[in-house]
Amino acid sequence: MSVLSAQNLKKSFGTTDVLRDISFEINEGEVLSIIGPSGSGKSTLLRCVTLLERIDSGRIAYSDLTMADTPEGQSKAVYSEGAVLQQIRRRFGLVFQNFNLFPHFTVMRNIIEAPVRVGKKEKKMAESEARSLLEKVGLADREKAYPCELSGGQQQRVAIARALAMQPEILFFDEPTSALDPELTGDILKVIRDLAEEHMTMVIVTHEMSFARDVSDRIIFMDGGVIVEQGDPAQVIGNPQSERTRAFLSRFHKN
Amino acid sequence: MSLFEDIARILPRMMEPLSATLMIFVFTLLFSLPLGLVVAFGRMSRIKPIRWVAQVYLLVMRGTPLMLQLIFFWFGLELGGAGFSRLQTAIVAFSFNYAAYFAEIYRGGIESIPVGQHEAADVLGFSKSQTFFRIILPQVVKKILPPMGNEFMTLVKDTSLAQVIAVVEITSMAQKIQVSMVSLMPIIVAGIFYLIMNAIVSKGFSLAEKKLGYYR
Numbered sequence: 001m002s003v004l005s006a007q008n009l010k011k012s013f014g015t016t017d018v019l020r021d022i023s024f025e026i027n028e029g030e031v032l033s034i035i036g037p038s039g040s041g042k043s044t045l046l047r048c049v050t051l052l053e054r055i056d057s058g059r060i061a062y063s064d065l066t067m068a069d070t071p072e073g074q075s076k077a078v079y080s081e082g083a084v085l086q087q088i089r090r091r092f093g094l095v096f097q098n099f100n101l102f103p104h105f106t107v108m109r110n111i112i113e114a115p116v117r118v119g120k121k122e123k124k125m126a127e128s129e130a131r132s133l134l135e136k137v138g139l140a141d142r143e144k145a146y147p148c149e150l151s152g153g154q155q156q157r158v159a160i161a162r163a164l165a166m167q168p169e170i171l172f173f174d175e176p177t178s179a180l181d182p183e184l185t186g187d188i189l190k191v192i193r194d195l196a197e198e199h200m201t202m203v204i205v206t207h208e209m210s211f212a213r214d215v216s217d218r219i220i221f222m223d224g225g226v227i228v229e230q231g232d233p234a235q236v237i238g239n240p241q242s243e244r245t246r247a248f249l250s251r252f253h254k255n
Numbered sequence: 001m002s003l004f005e006d007i008a009r010i011l012p013r014m015m016e017p018l019s020a021t022l023m024i025f026v027f028t029l030l031f032s033l034p035l036g037l038v039v040a041f042g043r044m045s046r047i048k049p050i051r052w053v054a055q056v057y058l059l060v061m062r063g064t065p066l067m068l069q070l071i072f073f074w075f076g077l078e079l080g081g082a083g084f085s086r087l088q089t090a091i092v093a094f095s096f097n098y099a100a101y102f103a104e105i106y107r108g109g110i111e112s113i114p115v116g117q118h119e120a121a122d123v124l125g126f127s128k129s130q131t132f133f134r135i136i137l138p139q140v141v142k143k144i145l146p147p148m149g150n151e152f153m154t155l156v157k158d159t160s161l162a163q164v165i166a167v168v169e170i171t172s173m174a175q176k177i178q179v180s181m182v183s184l185m186p187i188i189v190a191g192i193f194y195l196i197m198n199a200i201v202s203k204g205f206s207l208a209e210k211k212l213g214y215y216r
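As you go down the protein sequences, you meet chains A and B in turn. Going by my numbering, the first sequence opens with residue 1, and the numbers climb by one from there. Going by my numbering, the second sequence opens with residue 1, and the numbers climb by one from there.
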């Protein structure tokens with residue numbers, strides 16, 4: 001059963017085609033990593049399936065809910081009505097490269113604000129769930145801290161807890177370790193690994209090749225707005241079929 | 001005549017003008033702070049005609065002297081038969097004028113909030129109004145405190161302009177007493193009044209900054 005299906009996505013900014021006919025699916029419990037050089041369209045792809053950008057044409061659906069579809073014979077995608085999109089938003093979570101925590105809220109409030117205000121969950125209940133999430137990401141003692149009092153790695157773990165608090169069916173990561181010092185990435189990767197072991201459905205845009213190989217069930221290599229190659233990690237990273245994939249990966253093997 | 005006797009003669013006559021000054025200050029803030037937010041939204045609107053109206057408003061209000069605006073509102077409201085008192089008219093003119101300055105300060109503050117804050121709220125499912133009032137506005141308030149402090153202090157001093165439509169406020173009364181007493185004392189007393197008011201405003205703002213200093 002596919003949690004998310006994207007077909008023939010096209011997106012351009014002005015005259016630049018950023019996504020050129022992208023199709024992929026992700027099944028329940030699957031971990032998919034998207035790799036590729038900067039400007040390849042990976043982040044735009046993530047932003048399109050999370051409603052931060054709108055596709056020009058194609059079809060995006062979350063299991064039974066259609067986000068956008070392009071009617072037969074037409075060139076423009078038509079989005080579903082607001083209520084459906086709002087329902088779709090409840091199905092996914094997104095972890096940003098720059099965390100984007102709310103600086104004026106404590107760690108606890110960052111996590112419970114959406115479940116309480118959007119999910120209409122009872123505050124006590126949301127707080128106890130938030131505490132177990134904080135324990136899971138290794139920050140059990142920091143619920144009263146403000147984001148500015150935390151290191152980047154800790155902030156990102158709070159951001160993951162905040163996303164998980166909405167109990168998404170699928171969790172997206174947009175280069176979750178790119179804004180962090182190398183020595184801080186380990187904690188984040190461990191949290192994602194733990195989630196993979198619990199069979200959380202995840203799509204991870206990343207530059208961490210060895211991590212992508214270890215944690216993913218499947219890897220997509222994107223370049224120039226198209227999917228150049230995809231398959232199981234050992235194949236895409238260990239034995240790439242495309243020249244472009246090889247050229248990209250060789251830059252990582254050097255160091 | 002001793003200094004104390006002078007002051008004792010001046011102070012009682014200053015009480016009514018002081019209340020006029022304070023009324024202008026308080027009511028102008030009461031009306032212009034929310035009105036400024038409306039103008040800021042108009043200025044940032046995606047709808048072109050609304051943006052255009054807001055821009056003209058900002059140009060006129062900030063581009064002409066407040067004194068001229070006071071005269072305009074006094075005769076305008078008079079001709080329109082609104083039946084406003086001089087003090088009320090002054091409050092109306094001040095409110096429209098200050099709303100323009102506040103609008104630009106709000107806009108600066110709102111636009112300085114990183115787009116990631118909007119995106120994080122959007123992905124979590126917050127509505128537009130929840131995002132604005134719970135996520136964005138509290139951060140804006142912290143950022144705009146220093147320029148707002150400036151405006152508040154300027155307003156305290158600008159109240160003296162209301163004398164152009166014959167509102168008896170601190171400065172005009174001080175001048176009147178000065179002429180009859182042939183002494184500088186009334187002017188000094190008036191100056192001290194403004195200083196005290198602005199010392200309070202300034203203290204209020206530094207307390208507010210301290211209170212919001214718990215995060216960066």
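The set of hints was computed from the structure by calculation and includes no laboratory data. All C-beta atoms in this analysis are idealised placements derived from N, C-alpha and C, irrespective of residue type, glycine included. One should not assume that every hint holds.
[As the list claims (entries may be wrong)] Listed next, the in silico DMTMM-like pairs over lysine to aspartate or glutamate satisfying Cα-Cα at most 25 Å (straight line): (1) A:K123 / B:E119; (2) A:K190 / A:E30; (3) A:K190 / A:E122; (4) B:K128 / A:D217; (5) B:K210 / A:E143; (6) B:K128 / A:D232; (7) A:K120 / B:E104; (8) A:K10 / B:E104; (9) A:K121 / B:E209; (10) A:K123 / B:D122; (11) A:K76 / A:D64; (12) A:K123 / A:E135; (13) B:K142 / A:E149; (14) B:K211 / A:E149; (15) A:K120 / A:E169; (16) A:K136 / A:E53; (17) A:K144 / B:E119; (18) B:K128 / A:E135; (19) B:K210 / A:E28; (20) A:K190 / A:E81; (21) A:K120 / B:E209; (22) A:K121 / B:E119; (23) B:K128 / A:D56; (24) A:K10 / B:E209; (25) A:K136 / A:D232; (26) B:K128 / A:E28; (27) A:K124 / A:E135; (28) B:K143 / A:D217; (29) A:K76 / B:D122; (30) B:K211 / A:D69; (31) B:K142 / A:D232; (32) A:K144 / B:E104; (33) A:K120 / A:E149; (34) B:K48 / A:E53; (35) B:K157 / B:E119.
[To be verified] Listed below are several chain A residues computed to face chain B (Cβ distance under 10 Å; list not exhaustive): (36) F24; (37) F92; (38) L94; (39) F102; (40) R117.
Q) Holds or violated: are the alpha carbons of K190 (chain A) and E81 (chain A) at most 25 Å from each other? A) violated, 38 Å
Q: Assess, step by step, whether the Cα of K190 (chain A) is no farther than 25 Å from the Cα of E30 (chain A), and give holds or violated.
A: holds, 17 Å
Q) Hey, K190 (chain A) versus E122 (chain A), does the alpha-carbon distance stay inside 25 Å? A) With Cα atoms ~30 Å apart, K190 (chain A) and E122 (chain A) exceed 25 Å; violated.
Q. Given the hinted pair K123 (chain A) and D122 (chain B), is their alpha-carbon gap at most 25 Å?
A. Within the cut-off at roughly 21 Å; holds.
**Q.** Residue hint F24 (chain A), partner chain B, criterion CB-CB below 10 Å
**A.** This interface hint is violated because 20 Å lies over the 10 Å limit.
Q | Agreement of K76 (chain A) and D64 (chain A) with the hint, judged by alpha carbon distance not exceeding 25 Å | A | Distance ~21 Å between K76 (chain A) and D64 (chain A) Cα, so the pair holds.
**Q.** Pairwise hint evaluation, E143 (chain A) against K210 (chain B), where the allowed Cα distance is 25 Å at most
**A.** With Cα atoms ~22 Å apart, K210 (chain B) and E143 (chain A) stay inside 25 Å; holds.
Q) Given the hinted pair K144 (chain A) and E104 (chain B), is their alpha-carbon gap at most 25 Å? A) violated, 35 Å
**Q.** Given hint E135 (chain A) paired with K128 (chain B) - CA-CA distance at most 25 Å
**A.** violated, 31 Å
Q. Can the hint on F92 (chain A) be confirmed by a CB-to-CB distance to chain B that is less than 10 Å?
A. holds, 8 Å
Q. Are the Cα positions of K142 (chain B) and E149 (chain A) separated by 25 Å at most?
A. Holds: K142 (chain B) and E149 (chain A) sit about 18 Å apart, inside 25 Å.
Q.
Next pair to validate is K143 (chain B) with D217 (chain A); report whether the Cα-Cα distance is within 25 Å.
A. violated, 45 Å
Violated hints for the displayed structure, listed by number in ascending order: 3, 4, 6, 7, 8, 9, 16, 18, 19, 20, 21, 24, 25, 26, 28, 30, 31, 32, 33, 35 and 36.
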